[in-house]
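Residue numbers (my numbering), protein chains in the order written: chain A, 1 to 311; chain B, 312 to 703; chain C, 704 to 871.
Hints were generated in silico from the structure; no laboratory data involved.
A virtual CB, placed ideally from N, CA and C, is assigned to each residue, including glycine.
It cannot be assumed that every hint is accurate.
Derived list of chain A stretches under chain B, where covered just means 3 residues or more per stretch with a C-beta under 8 Å from a C-beta of chain B [what the hints assert, rightly or not]:
| # | stretch |
| --- | --- |
| 1 | 141-153 |
| 2 | 208-217 |
| 3 | 230-244 |
| 4 | 276-288 |
Some residues of chain B that are not near chain A, with every Cβ distance over 10 Å (derived) [as the list claims (entries may be wrong)]:
| # | residue |
| --- | --- |
| 5 | Glu364 |
| 6 | Val400 |
| 7 | Gly434 |
| 8 | Thr448 |
| 9 | Glu454 |
| 10 | Asp488 |
| 11 | Glu492 |
| 12 | Thr518 |
| 13 | Ala538 |
| 14 | Asp544 |
| 15 | Gln552 |
| 16 | Phe577 |
| 17 | Gly593 |
| 18 | Pro600 |
| 19 | Asn626 |
| 20 | Gly653 |
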Amino acid sequence: MNLSLPPILALLVFPGGLFLIAGGLIYQWADRKLVARFQNRIGPRFIQPLADTLKLLAKEEITPVGVHKGLFFALPAIALAAALTAGLYIPLFGFQPASSFRGDLIIALYALSVLTLTMGVAGANTISRFSLVGATRTLTQLFSYEAPFLLSLLGPAIAAGTWQISEINTYAGQNLWLMIAQPIGFVVAMIGLMGKLELPPFDAPEAETEIVAGAMTEYSGRGFALFRLGKDVELIIGLTLVSAFYLGGLANPLEFVFKTLALLLVLALLQTAFARLRIDQTVGLWWRAGALLAVVQLIAIVLGRNLGSIF
Amino acid sequence: MAADTNKFVIPIGPQHPALKEPANFEFWVDGEIVTGASVRLGYVHRGIEKGAEARTWTQNLYLMERICGICSHVHATAYTLGVEKLAGVKVPQRANAIRQLMAELERIHSHMLWLGVAAHEGGFDTLFMYSWRDRETVMDLLEKISGNKVHYSANLLGGVKFDITSELAAEIHKGLDFLEERNHFYMKVVTTDETFIGRTQDIGTMTTEKAEFLGAIGPTARASGVARDIRVDAPYLIYDQFPVKVMTHTSGDLHGRFIVRINETFESIRIIREILDHMPQGELTTRVPRRIPAGEVVSRVEAPRGELLYFIASNGSEKPERVKVRTPSLCNWSTVLSLAIGLKLADMPMLLSGIDPCFSCNDRSISLKRGQQGPQVWSWEKLRQYGIEYYR
Amino acid sequence: MASTIGSLGAAEAVLKPFAKAINRPQPERLEVSIHPDDLLAAVRALVDESWGYLSAIVGLDRPGQPVTQGESQAEGAIDVLYLFCSGAAVVTLRITLPYSQAAIPTISGITPTAMLYEWELREMLGVEVIGLRVTGHLILADDWPVGVYPLRKSFTGFNQPVAGAEGA
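Bound conformation, chain A alone:
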């Protein structure tokens, strides 16, 4: 579906900006609610994520001793901005991306990495012990899942023969679902997404029973709210990317809602099914299994293309 809006509206209101944030909050709610139901809890009310955000925004922001003040305030804004920037290049809500050019896949992915990076830097910026350990873990995890996740999104890109997200989306919509054509890539992408979002069992960077809130321990009020919003936006973008690439593309809003929610359901199930991995186990898993699987998938795709098979 195509939509022509003035660029400024596209950027600030729809599909970027406000809508993206609202969508992120709704998906956060859906995620929390699903996990809660799987764990036999009641879960939050629909309005809860918004209420949390508004409350945090209104609250006093405490500046801890020993931080670089400029960085401390700038990092949350950079994080949210990076996440929103990534939103410009992907087919959000089933519409054409607000902006599209050749190679935007790489930009979108790196904008998402910037979000994680800022969280790591934010943790390292403080002198809190929990934050420092959390930051180390966040960055360690970044280096472990990033490569396999990128490789897993590269599969569809190679199959489609383009680095442009909108074109891959169209390609995916016209061909056999890539989830079936490239099952390994799909699995790696799903797990990579969980790593990226620091969802259980990959939540070692914010393991509350060890390091309280990890890199975010010292953040409160507005800064914390912005980081959280950034995370929510990352969730919706991640879901959109994976479903656009692997679940047969997103041609209209209805498809978007169904496919991303189906993916979220799987994600929530996976979150409830495991114990938290230690950071060394996470890294080991990614480099031993994740990267290897993704490479195998890539080789298969390249071979398949050259041999002219269904890939």
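Given the coordinates of chain A, assemble chains B and C onto it according to the supplied hints.
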């Protein structure tokens, strides 16, 4: 960033999400590897031993029950058994059977609580939620018997307050069937879930010799193959008529502690069923004098966490001369400090909860208020040096 | 029960050389009074024999009773009881220390588990444990006044707030 050294110290407690009760642990880490550990207890001292000397024998029963919110019944049982021995009173068998029944129900509730807490420390919140949901069943049973979920106050000096009617027995049977089924499920999860095994197997392994050397007791010791259980070694109540099997495991790691505790839950379920089916008939109480004859007595029972020892001295008056409580958690601390070295920081919460620490167990002697100076800690190096130099 | 009697007999044989008095308050208990100087040797003998394990150390304050005729009070004493358990059998080593000589050697070199108990004994009853290598407080507050031992009978609470503490 420790103030005194260049060691990187991660403090856990006195306020920390991993701890539901106050204590202070300091772990010195090198990256993620723990290189040292220390503990400081006593944040919630309540002066119970001192307080006992100012109360009558009957009042103390209720005071002792409040030492612990999890194993309240077993404390009261240890106390009443001691006092009854001093007074030379023979308690009716039916009362003993009901005490034992309550004690085993309490063990189920304590072990299921521990299972949830330990899973939560390992980031396995689903197991936490499930086990605590199912734990409600046993707590409801306790409530049906006594009217309370936590402090049942089933004991009296010389008997018990509550009878088990046939309707109650039927309800308990029903509850136990459900609990047994659920625990089979947990056993399956604990022994088959890959991530869970990855977090527990070969973590904090303690050999039998080490367990004995460090004085470990209870399920922690039994998971290391130390077959020590007061219920078997020195049967009290009617454990001689309804004997339990000692559950041991040879692995000695965290995983073994999970298996031992779940197996003990099954054993408790079995014992409760047996008691319900062969409940002795008779009175519930007998008379105990207000003044207890002078003397000293040692009373030992097996609490969910291990051996609980009461030393009670009487001077022949209405109040005890001295009540000394040696709780099980105290014995197991040294195992944690010793096992921590070389493990990952991420293993610490699970290791800590692996012994099923009960802070009210430790902190019962006396307290005024918190101090304002920095904590004085018992450093691991001192302890280790100690062990090296002296244990030859 | 037979094995309990047997193991008590074994313990009695081991401890006989050190005993000032031996009695059996209950069928499963053996109480041996010893001199403080013999403590280490007695504990060592039990441990060498692998007889049970140290289960607790109990301090008992026995303040002196006022003498009826005179005005002076007899000196009080602290009994330190070492409880060793093996199966159902409990062996108590009893040491009586007058207030003026309230000091015992540490046995934590022989059984390391004793350390916490001895620490508690020192803190709560003011029995100096010679050779115990820990300092500072285990359970009392850090600003607890020096020389005040809460489990002594003479301690009946603070009348005035202690300096530095938030209240008493």
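Would you pick out the hints that fail for this structure and give their numbers low to high? 1, 3 and 7
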